[in-house]
Structures are given as C-alpha cells and as structure tokens.
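Protein chains: 4
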Amino acid sequence: MALKTAAQYFDSLAKMHPTAYVLGDKVPQPSTHPLIKRQCAAVAQTYALAENPAHRKLLTGYSPLIGAEVNRFNKLYESIDDLVTKVKMLRLISNQTGCCFVRCTGMDMMNATFIATYEIDQKYGTTYHHRFVEYLKYIQSQDLAVHSGVTDVKGDRSKRPSEQADPDLYLHVVEKNERGIVVRGAKAHQTGSLCCHEVIVGPTRRMLDSDRDYAVSFATPTDTPGIIHVYGRGTLGERNLSGVDLGNVEFSKFVPMVIFNNVFIPWERVFMCGEYEFASRQVELFGDYHRHSHGGCKSGIGDVLVGAAACIADYNAASGSHINNKLTEMVKTAETMYGCCLAASYEAKQNPAGTYMVDTALANTSKLYEGKEFYEVVRLMMEIAGGLVGDLPSEKDFQNPEVGLLLQKYLKGAPGVSTEDRMRMFRLIEKLAFESGDIASQIHGGGSPEAHRMALLRATDLETKKKLARRVAGIREP
Amino acid sequence: MALKTAAQYFDSLAKMHPTAYVLGDKVPQPSTHPLIKRQCAAVAQTYALAENPAHRKLLTGYSPLIGAEVNRFNKLYESIDDLVTKVKMLRLISNQTGCCFVRCTGMDMMNATFIATYEIDQKYGTTYHHRFVEYLKYIQSQDLAVHSGVTDVKGDRSKRPSEQADPDLYLHVVEKNERGIVVRGAKAHQTGSLCCHEVIVGPTRRMLDSDRDYAVSFATPTDTPGIIHVYGRGTLGERNLSGVDLGNVEFSKFVPMVIFNNVFIPWERVFMCGEYEFASRQVELFGDYHRHSHGGCKSGIGDVLVGAAACIADYNAASGSHINNKLTEMVKTAETMYGCCLAASYEAKQNPAGTYMVDTALANTSKLYEGKEFYEVVRLMMEIAGGLVGDLPSEKDFQNPEVGLLLQKYLKGAPGVSTEDRMRMFRLIEKLAFESGDIASQIHGGGSPEAHRMALLRATDLETKKKLARRVAGIREP
Amino acid sequence: MALKTAAQYFDSLAKMHPTAYVLGDKVPQPSTHPLIKRQCAAVAQTYALAENPAHRKLLTGYSPLIGAEVNRFNKLYESIDDLVTKVKMLRLISNQTGCCFVRCTGMDMMNATFIATYEIDQKYGTTYHHRFVEYLKYIQSQDLAVHSGVTDVKGDRSKRPSEQADPDLYLHVVEKNERGIVVRGAKAHQTGSLCCHEVIVGPTRRMLDSDRDYAVSFATPTDTPGIIHVYGRGTLGERNLSGVDLGNVEFSKFVPMVIFNNVFIPWERVFMCGEYEFASRQVELFGDYHRHSHGGCKSGIGDVLVGAAACIADYNAASGSHINNKLTEMVKTAETMYGCCLAASYEAKQNPAGTYMVDTALANTSKLYEGKEFYEVVRLMMEIAGGLVGDLPSEKDFQNPEVGLLLQKYLKGAPGVSTEDRMRMFRLIEKLAFESGDIASQIHGGGSPEAHRMALLRATDLETKKKLARRVAGIREP
Amino acid sequence: MALKTAAQYFDSLAKMHPTAYVLGDKVPQPSTHPLIKRQCAAVAQTYALAENPAHRKLLTGYSPLIGAEVNRFNKLYESIDDLVTKVKMLRLISNQTGCCFVRCTGMDMMNATFIATYEIDQKYGTTYHHRFVEYLKYIQSQDLAVHSGVTDVKGDRSKRPSEQADPDLYLHVVEKNERGIVVRGAKAHQTGSLCCHEVIVGPTRRMLDSDRDYAVSFATPTDTPGIIHVYGRGTLGERNLSGVDLGNVEFSKFVPMVIFNNVFIPWERVFMCGEYEFASRQVELFGDYHRHSHGGCKSGIGDVLVGAAACIADYNAASGSHINNKLTEMVKTAETMYGCCLAASYEAKQNPAGTYMVDTALANTSKLYEGKEFYEVVRLMMEIAGGLVGDLPSEKDFQNPEVGLLLQKYLKGAPGVSTEDRMRMFRLIEKLAFESGDIASQIHGGGSPEAHRMALLRATDLETKKKLARRVAGIREP
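Chains as they are written, first to last, in my numbering: chain Y, 1 to 478; chain C, 1 to 478; chain L, 1 to 478; chain S, 1 to 478.
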C-alpha cells in the first residue's frame, strides 16, 4: 500500500503524540486543534488529489525503489519529466488550497539527501546512501507526510555555529553511542510540522572543520521524545479560533518553531555525521530544489490573487484599462516565476547519483521574483480592491440583530452580487495579503533574497561572458 | 481655554455616548474598550505634545478667529509657514506614536470647508462661510478632536450616486425643515471616529445636478443620535484584547464604518446643501491637503520602519553592504515623501478665501510614493529582519513555565541584547508590516493611486511643456 | 544544395540590384556600402555557423519539404525541439555578433504564414498554403536570407487603414490582373532589408471588411522593381564610415524604411489577398513567434552586456558587492527573458497546420522584460562603467602625434590592461547602450509593450482564476 | 560692469587661445568650431536671459562683495532664497535650451571653495579665503563663465592617488616656488570647458597624509599654457558637422577631457595646497551643491521630455489612458527631483563661513532619482514615440529629389501636422534619449549613484531612528 487516502492520513496523525504548545498552552491532540487542523486539511489535499483520477497523473508516479506507484511528494526526481510535473502539480494544488500544503519541503529534502549521501559515500566509503534509500522506501510504502528541518535559529549572525556563546544555537550532536546519536538545537520556520509524520533534518549552512558536530543530518518521527513544537503566532491565525472572517474557508498555514531537546536518533536514520564539507552541499541542493518548488506553488497562489482581484473588481463594478493594466502586471509576475521554473526543469541535468538537478540560475531567478515582485502583486490586488481590505466589519457584526441588516445594506456592491459574497472576497484578499507566515515565506522561504542573488551569480559563468564581450570589442585574449 | 490637556481630552470623551459595535457586540463606553483605547491614546498625544514646551511651537499656533493660541489640528493654513509646520508636526508625532493619530483628517477637512464655503457664498450669496467660521471658533475654543467623513460606501462603482439601486449608498439629505436637515448614508474608513468629538462630513466625489441631494456637507458630534460606529476588523486588532504581542506597546489604529441612520443636523452646522458643483471642489481641496498630510505622518512612520530595520539588524548581529543598501533605499523613499510635501508647502499659494493651498502636483507626487514605493519599504524592513517576523512564538509561550526558558534560550540574538527586546522588535516589525488598516491607508488614504495620478496629470501644464519641446526642436508654433 | 557558405551568401547578394538611398545618395551596390556591409557580416554568421561542426546541430535541421538539411532560419517549427533549439541558436549567434542578424524575422514570418495560409484555405478552399509551401521549398533549397515586412508607416494612428487621408499609408493592393497584383505602401523598421534576398510581407494589424484591400500577404525579392530602401539614420551608424570608434568591430545594424512604389507580385507569391479576417491572425502569429525569438537573441545580447560590464569593472580595477549586485540584476533579467522563452517553447502546442505554436502568455511575458527591464540592464552596465562611456576621446585623437601619447597615459586603468583595450571596451559599451536601432527594437520590436500587455491578458484565462478565488473564499458558484 | 551681454560673451571667448583637439585635429579657434559652438550658444543663454527683464530676477542677484548686481552663476548662496532661486533658474534655462549650459559647475565649485577655504584658514591661519574672495570679485565684476575641474582620470580604482603606478593619474603639485605652483594631471568629463573663461580645480576624493601633493585647489584661465582640451566623442556630436538631423536646433553639449600638462598657477589663485584633510570637505560640498543643481536643470530637461512625448503622441494621433499613464509617470519623476531639491533649499542651514548649505539628505535623494528613474522617463518617452526614434531617414534623404517626396508622403502623421515637424520632433526625441554625454551625466554627474547612496546614508541619523523604534516597541534604552 503506497498511497494513503485523506481519511487514512487524518487517522494516522491522530495516533501520534507530539509535544506541542500553542499560545501558551500545551496541546494534547494538536492535529485537531483549530489553529492546526486547517493546515492538516491542506496537507490532506495532497492525498485527496492523488485519489482523484483527474489529477492522479500529476500527483503520483512510479517508484522503482519499491516497484509501485507512490505519491509524488515522496518520489525522487528521476527524470526531467518528474521536475516539470512537480512544478505543475504544485501550481495545481495551490490553485485548490490558496495555501501552503507543506510536503514539498520534505520532497525537496529527500532529493537533496539522496544526492548528498551518495556523494559522501563516494568520498568516504560510508553507507549513508543505502540507509537513506531504505528510509525512503519506508516513507514511500507508508505514504508518510514528511517535512524538512533546515533553518537553525542562528543566534548571533556574525558568528559560525561553533563560535556561538550558546553551542545549541545551531543543532548539533551532543552524544554518540552504539545505537545512535543525541542531538540538541532548534529549527525555526517549520511550516506544518504537526501535520507531518516525519522530519528530515540537515545543516542550514556551510560548515568548517570546527563545526564538525553541527554537520548532521537525520530523519525522525515528529513525535519523537524531546521534540517540542511551539506554535508561531502570525497575524491571522486566531481567526481560526472563532471560525469567522477566515478568508480561506478551509485552509490555513501555521509555522512553528521546533526544539530538539536531546533527541535520540538511531544510526539507521542518520545520513550525515561530521562530514562537514557536505553540509553546504546538502543545503544548497535543498535550496535550489526548494526555490524551484516555490515557482510552482507561488504561481499557483498568484492565480488565486489574480482571480481574487478580478472578482473584487467585478463585485465593486469597477472596470477600465487601469484595472486591466494591474491584472496584467500581476499575471506577468506569476507567469515569470512559473516560466523560469519550468525552464529550470526542462534544462535539468542528471547527476552522478542518477537523479536530476534543476538549472540553478533559472530556479534562483524565479525565486527572486517571488522575493520582491510578488509582494507588488499583493499590493496591486489591494490597489484594485480598495480600502475595505483593511477595515471590514466582522462577520459577528453581520450576525448582530441590530446592526447586521444595516451592514448588509451598506456594503452592497455590484447588482447580482450578495453582500455576503463580496465580504468573503474581501476576507480572502485580506488573508492573501496579510497572513504573515505566507508573506515571510515569499521573501525568506528557501533562503533570503541575498542567498538567491549569491546563488545566481555563482551559477553564472562570468568569464565566458567576458570573453564574448572582448571578442565583439576586438580585444585580443590575454 | 483653547487648549485641552490630555487628561481633559480623555475626560471629555468619557462624557460622550456614541452608539458603537465591536466584533458583534454593542459597546457602552467605547473610548475605554481595549480595541479603541490605544487609538485614543494616540490622539491624546496631539494634546500632550502641545503641552510639552519642547514641541509647543510645532503643535500650536495663534488663531485670529478667537484671538488665542490653538491646537494646530484646529488651525487654518494661514501662511506658508503653517503648511511647513504641519508637515513637520505630523512627522514628529508619528515618530512618537508609530501610529495614526486621526486628527489630521479633521484639520484638512476644516481647511477645505473654509475655502469651499467661501466660494459657494461668493457665487450664491449664501452664508455657509460665516456658519463654518462660527463652528470653527467653537472647535478651536473647546480644543475638540475632529475627524472627517468623506468616503461613501459607494455600492455599484459604475453608477453615480443618484443612479444607485439603493439611494442610500451615498450619504444624502432625506428631509429638510426649518430647523435643519436629516441625512442618511454611510461613510467607510472612518479612522478613529470614536476618539473624536466631532465629525465634518462632505461629499466624496464630483456630483451632477441629478445628484443634488448628495451634495451635502455638515458637522456634528460623533454621538449624535442615529450615528452608528461599527468597528472594522483588521489583522492585528485583537492583540489588544489579550494585551500581549502588541508590537506597538501604547498605540493602535482602528478604522470603523460609520452609519448615518437618519441623523438630524441643524442648519447652523450645514455647510453645503445642494450646490452640487462645489462637491468636487471640497473633496479635491480635502484630498490635496490630506495627501500633503500623509507626506508628513508617513515619512514619520518611515523613520520608525528604518529604525526598526536598523535595530533588528543589530539584534541579529547582521551587517554588511546589503543591509546598508536596503536601509538607504528605505530612507530614500521616506525623504522623498517628506521632501515633496515640504516643497508643496513652500510653493503654496494664497487663495481668495485668504488661506494657503499647497502645490497640487508636488503633494500628489508625494502620495504616489506612499501608494507604491512605501510598500517596498515595508518589504525591505522584512527582508532585513528575516523570517521570524512571520512566525514568532507568542509572549504567552514565553510565560509558560515549561517552554518559556527554552524559547528564551533559542531566540537569543546578538550578545548584549535580551531575547525579550529582540522579540519586542520583531513584534513591532510585524505591527508595522501587517496592520491592515495602516497598509490600506498607505495605498488608498486620501484617495486611490489612480486618483493621485489623475490629480497629478491635471495639475500639469502639458501645453506649455509641448511648447518647450517644439521650440527646442525648431518647430514653428501653429 | 540547401546550405550556402558565407562566401556564397556574399556573392549572391552582390548579384542583386536593389534601389537604395543612404544619407541622401542613391547607392549602386548597397551590400558593400560601409553603412550596410557590417549588417551583412552579421547575417553571414548565420551561414558561417551552420558550416561550423560545433554549431551545425543548432543552426540546421532536416526539412521534410525538400528532404534535406536546411538552415534553421528557413525551417518550420515542426516540433517542440525546433522551438527550443531556435531560442538556443539565437542566443548563441547574438553571443558571437553582439548585434542583430536579421533572419529571425523571416523565419518567424514563414512560420506564421504557413499556419495562416493553411487556415485561409480551410475556410475558403483557396490554394495559398500550397503556394506558400512551394515558395518555402525554393527558399530552403536556395538557402536564401529572408526578412519580413510587417510594420506599416500607419499615418494617423487614430484611423483604420481604409480611413486614412492618403490610402497608401498602409500597404495595399492597387491593381489585380491575371498575372498578379500591384501593391503600394511603405514598411518601416525593415532591419537589414538590403542584406536579404527576399521579403515576406503581411498586414500589420487587425482589418475589417472595409480594409479588404489592405489584407494582403506576399513574398518578393528585395530588388524587385518599385521597391526602394531608404537607410534610417540612427545614432551610431556613421562610425562605420570612418571605421574608427566602432565598438563592435565587425557587426552593425541598420534599419531602413522600405517603400513599395507600385510593385508587381505574381500570383504564385501571393499568400493572402482580401481575406481580411486573417490579417490579425497572421500578424499575431508572427508577433508571438517573434517575441519568442527576442527572448533568445536579446538574452544573448544580455550576455555581452554582462560580459562588458564585468570586463570594464576589471579594467577600471573596480570591485565590491555593489558591482556584484548590479551584475546579478543584469543576469537576472537576461535569464528571465531566456527562461520564459524556453518555457514557452517546451509548453508549445501543435496546431492544425501541423507545426508548433509557442505558449503565448510566456512568450509575451518574456518580451515585456525586454521592453522595460532590459533598458535598466543597459543602465546598470553604464553605472558600472562610469562616465567615460559618454565622452571618450576618439581613436583619431589617440592617433594624433601630439596628443595621442598623453591620452594613452591618462586613460590607463588597471595594471596589465592596455589603454587601447580599455578604450575598446568603453566603445563597445557605448555601442550596446546607444545604438538607437537596438534600443528601439528592444522596446518596440515585435510590437510595442502595450501590444504585449494586451496579448498577455488575452492569453490569460481570467474566468478560471476567478473560480479558484471563489472556491477558496467559500463563495458558491453563480 | 558686472553683467556681460551674450554678444560680449562670444567676443570675450574669441579672444582666448586654448589648446584644443577635436577628432584628431588641433583646432585653432574652438569656440566657433561646429562641434563646440552650440554648447557656447547654451552658455550664452545664461547671459542673454539675464538681460531679459522677464527673467532678470531669477538670473541675477546682488553681491555685497562688489556691491553690484551679478549673474547668479557667479553668486554665493547667501540665503535660502538664493538656493531656491538657483533651482528655479536652472529649470527655466533647461526649459529653453533642452541642453546643459555648463556654468552651474562653476557656481557650485565657487560656493564649495568659499566654505572650504574659510575652514582651512580657521584651522591653519592661512589666507586662502581672502585669496578666493578676491578671485571671486574678479569673476563677478567681469561676469566670466567658470567651470569646475573635479573628476580625475583615476587610473587604477583600487589604489589611492599616491599609490598609482603613474603619479599623474590624479592631478597634483609637481613644483612649488615663490611665485606659485606647477600642476600635472588630467580631469575627465569637463563639460563645456572651451565655452568657459576660467576653471576652478579641486581634488576629486578623500585624501590621506600620503596624498598631500594631490590636495590642491586653484583657479586658472582655460587657455593657460599647458592646458589641453580633448573633445570627447559622444554619440550624436557629429550631427553638428553637417548641420542636419540635429534634434535640438540651437544647442548641443560637448564633454572633453582636460589635460594639465605642467601648468603654472600663481599663489594668488591657489586655494588649497597640501591640507589633505580638507580635500574630501571641498569635494563633498561641491557634490552636494551640484546634486542640488541637477534637481533644477534635469527637471527642466524632464519638462522637455514630457513635452516631446506629448507632442509626438499628438503628431502620431495616438491617445488613450496608456499614454496618459506614461506621461504621468514621467511628470512624477521630474517633480520628485524638483520637489526634493526645492525642499533641500528651503531646509538649508547657514554655515560658519556665512553662506547656506542645502539639506544633504534631500539633495542626494533627488539625485538618486536622476540616476535611475530618470532613465526610465527617457524610455517612457520612447515607448510613447514608437520605433521611428531609432531609424528615421535623414534630412538629406528628404532633400533628395528622387526619394524626398516619397518620404514626405509616407512619414505623414496626424492631419494638420507637417511631416517635417513630425520628423523634427522624432529627432529631438532621439537627441534627448541618445546623446551619450547627457545620459552619462544623468547617471554619473555629481558623482555616481553609489556616492549618492553613501552620502544619503551618512546624512541619516540612524541612531535617533533606532531610538524611535525602541520606544514604540517598549524597549528600555540600554
């Protein structure tokens, strides 16, 4: 059985017992908590759409590892087609959810780890790659939801991991024994951790010899003893508590911090342990794959933004060339992100481990638009919508017997559109513009824009371009 | 007594009995409600700083109308210096509050109405101007806080006021009698209405003869029977309910909708009633003055954004030329808004009513930067800050005995900076980036960017510029 | 023989006798004129690289029409691979020439005409398609250089072709007889016309029934009696007269106007004649294909700009993060144009005529970056280079015995770089930044940015996106 | 006699005998050379407009130094009004010339030197200030045209002046004797040097003790023995040779390099000699004043660009909201530059030397828009104009008897507009978009954009802004 149904997914989560804190309280059954469950609902779409015959082709693929069809989120990028399909799948799901659905971090980390373990073994004769493949078979056959744990809390940014006043500010090995290792540290921005069965952890940056204990990668269940999930309080989370003014009626993101407070990892789940020169390799592979993923999911969110802007223009009975100009500009940015990532897929190259690596320059180019221009897309949506995006009376006021009818009356827009529908669209726009976890992810997801700029320049063959210029200018080569 | 203390301001509010709904509930004493009181605290700064000898010169001025020093928010723009000082005062107060303080809408509306009533009287021999001056003396001598009611809810944007299916979607006169008029309608985006004693209402757009009943301007107390304030639920409002994770510890904006449900206005408070050709005049005067105000208050907010970005860089121990570049870009936009508005002040011209009108082109130019580039300033702040702006654990978690210390440990940044201070700065950045009422006001306050573009082009003498081009090109004038 | 050598190309041009005017003089042998020959040299690269084994795979392809390998510029887009390869070929050639090489206009027009004639025949049972295929076989087997004639001079832009005061301001049929048709009009922006053997002409815009005579498409040799080429005087053309300060030592663009002064076209070369409803179809097909071509050639020019900027930084001994930032921004735009066009190729769809049509949204998206952001790339190159790009003493001064050595001395840059090389690089940068024909083509080539915006919005399925937004917002479909 | 007429200006130039090379030839009487004289004509406008009663108030002012009215280009900034008037004067003259008129560099350098000499004397008890004032009286009373010599050729940018392989790559003192000093070096980008009577030279950058010989400032006639002017060959210069297709019919810029080949300067003209710590002071003063000047002259050029774009839209009979949007964007940038510089004037502060210094932050903010956004203004003009800006047939073709009438016919635009006028407007647009000296000056004039960014950040009180953020966030001051 390599494919879970959505119902089986929920059931399997219910059987887990992670340690979780939400707004100051310890929560016994987090996956049903109102601040968590709508994120689980988004993850569940990755199961549900795989059951849907119309989308099965995008959502699943054959895995030679277990000789069966697996969910694409647990599949290696074994061909160019896998990478193209990934982008299209992510756009499709975002179109349905208008919200992050978490599993791409795991998918990208699996693929990064597959290559990194191969390369470590090549150099050191270790067996990490075999271990990882065994792990991956387990994940595939159980169809587990996996997320990645990359970003350390980092402490003093001017210092290396081993130089920090508190050695725990980057996750590291604190003990090794015959059975395994014990790790301590904390990973920030762990979108949807409580909706996943497993996490694959890896280093967040380049390491030196002195940082050897920090060069560690492993996988473990999200409810392993010692792991503590702390809900991150973003802007709109609490709307889920009362269940009104949601904007997105079914789905919502949450982004916790996850503390690894002396967590034991058996050796068969350890994929790097001290090979510090591969730390940057794994995280850069993950980074490039994940920027590539964003081109899919965020262009899909872009479609929802464009649709919301076009709808609210209709609902306000606003039209004209200035609306069209703004919509065109919005579409342009979404298509740019998508187009560059598709091209990064088609131009992918096979690596020695056998899987395919996207074109780094094009993947990072795409992400740079998400980091900057996509924010302008959000602004354009608000410019089209008008001021009500900032100050709409609550659904609770609409339900008030004294003032509700007056609000119905005064917030009517175009003929044929109910005030309720118009309010829902404003709330969706609010959600798309102001969910802080989403906006932060657009800027900082898969690394900061500075990281993307450096990656793009590094991927650029400047010397060859200089030669071109010299030849055209008639300058003899030195 | 032309100057109230902050304490007197609070007392005077406490004596009012407005009708107000907040998140579905009728609220008896709104000015002390946790979702309202922090906005009142910001308004109170306009009183407190006027008491402060260091700032008195900016905050007050002599009014010949009552022969006394008055709060500048209730003063006419009687000189270029008044306009320059307004911009500087607004930047100063924003620097202190990091938050809107409401009264500039009233100040700008007073000044617009002063001119509009003068011009109506000149044409029709009416006595609106005298009435308005009497009203202004009352406001000045009592030092009342006034806001303006301009933006109608508008309904179907493709239709004029008199063409709407529901005639009430623009505020209009429904009855006239010897004592006064009765009006009905609703005004959206009434920032801080419940923190003000009075409102001055005027039309929101150009009117035709058929819209005559909609060409109405008047003033009235904010607790006049029939007036209903409905709290607009923005993104971060509810943080004020629990009092944690506030970001801005003292001040917070709220932006309600205000319904005028058959409100009686005595003639002595009516300043336009049917003179439809002056509707656009009043609102354009208000618009140009108010865009000018934004150049002051929003450059002041810009200072806080720049400061917050610079602080968080320190707290993260992040530095380097990329940080400096982003700070410079942020400063550039803030100075642009400020510089253009200062210039608009200095280049002001006296109008026949005797007061001074800002340079329209420069004031609208400034506002266009707020509408677009200022949003990029916000993004740059977030780019500098990093991802924690989107998902910080709550103060409630820090207070939790089990997990609080772990959070303290893991969210430590630069040496010498307490985790608590770092968390506060992240919360401030969240507040500055995600308070939906603020962001919406940056885009749509004082009219939408399209309105500013049209105003700028209208203020541009294209024919003269064409002549310059023809002369330089050697083309004989036709 | 389906492939000419570069030498054969020059020979074949020398045998033609076009009517041409350059700067006021009638020129008997234009292809050797100093203002024309460097453009011919660029076209010759499309022949020379096809002879080069290293590039033959990109530059040629098998044509089933004549059962032989043909130059890719004369090939139909018979597969996705053809479209991908086109983009890569164009980038490659631009890398070598740093200059337009003309033939892509012909290639794109052949492909547009192939489809348009097919569709006309389907509707009307005409035989245009057969005629066109025969013509194409001739072109392929002779390996002729072809350009397209699309843009009419247009006269009064507010009027349709048939409404113009002078009926000739759009090219039209003025006579029909048994042997063929006679056409009159003028086509602007005919890059490299005198370097081509043939031109394929088509309408420039949508036509109505009343414009029926203007709906005409045909092919003809560029020296057909009645055709007059008038050299367009751009900014840097005349450098070629003295042969110094060239910037690009081998290649240079020229963009004439071509007048069709009663030109006879035999029926076998007529591909549309009155089927006005296909006018827009042909030009839109051409437009989309040509915007797609620009993504290839202009990203290739972008490589030269990046290389020139990186070189001049070296030659000035300037370095630092601000240089890297600017280079990264330049690379980003070039990769965006390239990536979107690659994606437009890969996502191409077969059309009923059997060839492949690029993804319109992605091709127009790419072109929008050329129209705007690429100009910023040029500026960044100048920002890196410094002021000498605007005011370098001439090579003639360097040759002057009195002042030449002083200039050598004072214009020395980094150690190890000769002043001459530095000067050459500045001249290349000048050429890349200020050749007016290039810059105008970046903005207006393949239609104006407004045309690209409209094409992008037209290619966007807004209704589906609205549905996505409504579903996420929980709004029932109407 | 403190005011020359334009005729007297030309006469006085004719009496000078500078050493000049143009395109490889030594030119005996440069001020009448076709490549120089149109720049002199622009300078002459600074004399002619001072004679014009309508403009005299802007162009002249009272100088207490000589007790007479002087040309404003030779006047100290003795008040805020002087700085405001400067900006307005510069915009006015640019409006008339559409071209640089040179003298502002001298004006700004006079003012910088006035302050710097005062400060040196304060520290060292030298008499530079007195010397300089005497010199200034001479300039004022003779109404001489003065330019500034600041930018050294710089050689290897990674090295300080005294570290260069060739010590002459920054201008320096090579000999001192009782009568004066001898200097050697070269200054780049010396706009209009041959149209000026005098030059004031100063260091181009911060100096250290080791660079002491390079810390030198002085004034001298432009035909002093040893000074060699070498014409910089820009893009459109040579149009002036044939006198057709000029674009700007009367005025044109030229930007030579000026070599100081062992030039003797008597002590009474030396204003700094070894006081290295004042090198940066003088150049920064000059830089800030000169960026301030650009806000005037370039907004004036901006008016001509806007006018040209609006005219060509008329001439093409093109209209619509997209044209209006582009014009508005163009106006916005011009007004921003102007507004920020006006504000920088109004906010000026008196310095100890007695004159007024502009607000540095606002002046540099303005210049940043010229460096980047103004280039987009140029692009927008071209986007409005259409492709003919790149490839218009020459006036020589219009004069050709065979093809001239056909061109007249085919290049006709809107009814009522002659083809000739339309062509002239396209040529003006070409001139405004492609004169390389102008574009380079927009980017690099008054220092590079990086210099402006650094100046802006340096002028920003970050610590105070951090305090504001901390207070609002509730963080106790450390």
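Calculated directly from the structure, the hints in this document are not laboratory data. For clarity, every value in this text was computed on a predicted model and none was experimentally measured. All C-beta atoms, glycine included, are put in the ideal place defined by N, C-alpha and C. Possibly wrong hints are sitting among the right ones.
Label pairs and their calculated CB-CB ranges [stated by the list, open to error]: (1) S:S418 with L:P167: 17 to 27 Å; (2) S:E69 with L:K26: 51 to 61 Å; (3) L:Q142 with S:P401: 35 to 45 Å.
In silico DSS-like pairs for lysine-lysine, Cα to Cα no more than 27 Å straight-line [unchecked claim]: (4) S:K467 with Y:K159; (5) C:K88 with C:K57; (6) L:K396 with S:K26; (7) L:K409 with Y:K88; (8) Y:K409 with C:K396; (9) S:K467 with L:K409; (10) Y:K37 with C:K396.
Quickly compare the C-alpha distance for K409 (chain Y) and K396 (chain C) to 27 Å and report which way the hint goes. violated (40 Å)
Mind checking the hinted window 51 to 61 Å against the Cβ distance between E69 (chain S) and K26 (chain L)? Check passed, 59 Å falls within 51 to 61 Å.
Pair hint K396 (chain L) and K26 (chain S), alpha-carbon separation not exceeding 27 Å: holds (11 Å)
Taking the beta carbons of Q142 (chain L) and P401 (chain S), is their distance inside 35 to 45 Å? Holds: the Cβ-Cβ distance is about 37 Å, inside 35 to 45 Å.
Given pair status - K409 (chain L), K467 (chain S), alpha carbons within 27 Å: Measuring from Cα to Cα gives roughly 52 Å; hence the hint is violated.
Taking 27 Å as the top limit, are the C-alpha atoms of K409 (chain L) and K88 (chain Y) close enough? violated (59 Å)
Restraint check for K467 (chain S) with K159 (chain Y), where alpha carbons must lie at most 27 Å apart: holds (26 Å)
Quick one, are K37 (chain Y) and K396 (chain C) close enough, alpha carbons at most 27 Å? It holds: about 21 Å lies between the C-alpha atoms, which stays within 27 Å.
Do S418 (chain S) and P167 (chain L) keep their Cβ atoms within the hinted range of 17 to 27 Å? About 20 Å separates the Cβ atoms of S418 (chain S) and P167 (chain L), which means 17 to 27 Å holds.
Run the distance test for K88 (chain C) versus K57 (chain C): straight-line Cα separation, threshold 27 Å. At roughly 11 Å apart (the allowed maximum being 27 Å), K57 (chain C) and K88 (chain C) satisfy the hint.
Violated hints for the displayed structure, listed by number in ascending order: 7, 8 and 9.
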